[in-house]
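Novice: Here is how the chains run, residue by residue.
2 protein chains.
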Amino acid sequence: MAGALRGPSDYAQEPTRHPSLRINAKEPFNAEATRRDLVASYITPVDLFLKRNHGPIPILDDIASYYVSIGGLVDRPAKLTLDDIKRLPKYNVTATLQCAGNRRTEMSKSRKVRGVGWDVCALGNATWGGAKLSDVLQLIGVPYHTEITLSGGKHVEFTSVDQCPEEKGGPYKASIPLGHATNPAADVLVAYEMNGEVLKRDHGYPLRVVVPGVIGARSVKWLNRIDIIEEECQGFFMQKDYKMFPPSVDWDNIVWSTRKPQMDYPVQSAICSLEDTNAIIPGEVTVAGYALSGGGRGIERVEISTDGGRTWSGAVRYQKEGVPYVPGDVTSDKWAWVLFKTVIDVRGDTEIIVKAVDSGANVQPESVDTIWNLRGILNTCWHRVRLLTIHNLRSLL
Amino acid sequence: MAGALRGPSDYAQEPTRHPSLRINAKEPFNAEATRRDLVASYITPVDLFLKRNHGPIPILDDIASYYVSIGGLVDRPAKLTLDDIKRLPKYNVTATLQCAGNRRTEMSKSRKVRGVGWDVCALGNATWGGAKLSDVLQLIGVPYHTEITLSGGKHVEFTSVDQCPEEKGGPYKASIPLGHATNPAADVLVAYEMNGEVLKRDHGYPLRVVVPGVIGARSVKWLNRIDIIEEECQGFFMQKDYKMFPPSVDWDNIVWSTRKPQMDYPVQSAICSLEDTNAIIPGEVTVAGYALSGGGRGIERVEISTDGGRTWSGAVRYQKEGVPYVPGDVTSDKWAWVLFKTVIDVRGDTEIIVKAVDSGANVQPESVDTIWNLRGILNTCWHRVRLLTIHNLRSLL
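From first to last, the protein sequence lines stand for chains A and B.
Quick note on the numbering used here: the first sequence kicks off at 9 and runs consecutively.
Quick note on the numbering used here: the second sequence kicks off at 9 and runs consecutively.
If we strip away everything but chain A, and leave its shape as in the complex, we get:
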């Protein structure tokens, strides 16, 4: 270990955070950007990027003695230093990481769910720099495109150095299937850079995993170990959390083992230029936000309705400012969100709805009720905001 281990309640040395963040929990620190900050740029500044933690932020400042242990069902276990990782070919992958709990607060309004409350900004889009996990695994003798090793390994487990509360089983852990990990085209990274800078402590310094197209919970920070294992990781956050149950399951009848850990996520969009309720002067209103989908599926279209979903009009989509988004273009950032913008003329009180369709023609559900689940994950229902003209808003006060 290359730094002082911090007990699960030692929050004395947390990093300094940007004052504009919306803090949803202080210890462990969980915070998101404001809506307007989030979509001000295609690449999310590090300071404004989703902070999602289950314990204190580790301090790993003795880089000379830091290493990642690679073991489990492998012939040649290894200890790789940061320099070993940096000697592998470096890739820059622009990928959006979204917490499975994004938009949980809204789901809780339908029926109470458990978990940290999140508005619509529990995600961020960054350019991650690092080695491909497939190259790291090749170093220790696991070839590209291996689904099962000779010794029966089928999953790759990542273990953090962080300290989660005891009931959550110590260090944070997660796994992904070996075939995913060893597929160079899946762009799974062992990353040491974020937006061209050295990874910050809040985001996993010195090394983290980035699994594009998959819920954020599998992109383990402050990497301590990588293990090839036979079955999927048995850690708390794989087996007792981040699983999607039907609306009929509640805390009195849940059987965790009946569902698999969530990986891929469905198409999502949200309006970020407006809050849930807005006071406006009638006239032109900008409707802007983000849309994304899991599994590398691009966004096919983003649509806006002002009549309750009866009719829809398209919004302009873009990636970098001025660079139009081309659905199906293999050179585009397939793991990244698209931003959208449109201007509508508002005469009176209006509800604005956004929904997106991905390249697989997958859609967002109209209502939250059919996807409600007790842990409040994957809320991807149509996103609705209300505009109240100043006159009517006053009459409400």
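If you are wondering where the hints come from, they were derived from the structure by calculation, not from laboratory data.
Every value quoted in this text rests on a predicted model; they were computed, and no experiment measured them.
Beta carbons are placed, not taken as given, at the ideal position from N, Cα and C, and that holds for glycine.
Any given hint could turn out to be false.
What the hints assert, rightly or not - Which residues of chain A face chain B? A few of them, derived with a C-beta cut under 7 Å, are:
(1) D272
(2) G303
(3) G304
(4) P332
(5) V371
(6) P373
(7) E374
Given chain A, work out where chain B should sit, using these hints.
Specialist: Structure of chain B alone, referenced to chain A:
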């Protein structure tokens, strides 16, 4: 060419078909099984499997002179006989092929669409036997996992020997991305068997392509050519059909080039033990059908509602009779549908709704209106059937 070419209106020598098929168009022949026939078995009998054609069925009976030409942007063009293909390792892949127009008739009830009308049975699940396309391409010098060749090839085009009407550009053609074609795990086959028997004429004898997880229109039958090309196929069925437009686009404002050819398809389910309207005697009613999703995403759950979608209960899912379906199980048939069954107690007139959720938490849309498109493809809205008690049905007559 290893048989007599048949003009686009020469329907004199069509194969004999099963008398129970529901015929949606005679020339070209388009037919589907009845609902009950379709879900009577996990593997769809060849005779009852969706027949989807754009021209007369070719006759390729001189196998000694039959070959597939492989060319385009390759260093070593080749002509492969059926025996050449059979000498490659043989794979059996159980995959459901679904026509993008499945459930089109239902979409047309919301607002008229163009195209052959289909009930809910424009699909079938078969075990396809053949060589992997990735192995065929390796034979001619294109390695596994190639996204682009040295000469700039990025797509693989399949050309049939069939003769579509002139306005549809002659032989049927389609392409898939090269990275997909050269990925052995994608299980794209050059197939010569269906359910353990030699491919029948109606299904592509002597050779067809099977692209699992993708709309049926890309699985070209009666294979004549395989070409490595720079851009995606420019044929009619790629560029002027099988694209998904938003509901706001109609025949007077369509710009075909603004959308990409559909590949992946979204989560789908339908009830097949019942017709749209059923006369019943109050009591136990079996609700059975199929659920599937594109891109190799498995089915997470199938749910039934009898109160308009307010509450839902789960249905039993299975693959082979007696073999339960395990979501996330990598040993299961990832490209295949699951069948489901439940029994409900019906007291009076009832609407039964089914919907499914896939492993990526993708959902089916509640209403057809938000996914309506002028070509009537990808109708995946909640499937609804009505039960009318005998007494009430009589009163309607």
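Novice: Against this structure, judge whether each hint is valid.
Specialist: Tested hints:
1. Interface restraint check: A/D272 against chain B, minimum CB-CB distance 4 Å, threshold 7 Å, status holds.
2. Interface restraint check: A/G303 against chain B, minimum CB-CB distance 6 Å, threshold 7 Å, status holds.
3. Because the smallest distance between the Cβ of A/G304 and any Cβ of chain B comes to about 10 Å, over 7 Å, the interface hint for this residue is violated.
4. At its closest, the beta carbon of A/P332 sits 12 Å from a beta carbon of chain B; the interface hint therefore is violated under the 7 Å criterion.
5. Given the 7 Å rule on beta carbons, the hint for A/V371 holds: about 5 Å separates it from the nearest Cβ of chain B.
6. A hinted interface residue such as A/P373 counts as satisfied when its beta carbon comes closer than 7 Å to some beta carbon of chain B; here the least separation is about 5 Å, so the hint holds.
7. A cut of 7 Å between beta carbons decides the hint on A/E374: the least distance to chain B is about 5 Å, and the hint holds.
In terms of the numbered hints stated before, the structure departs from hints 3, 4, listed from lowest to highest.
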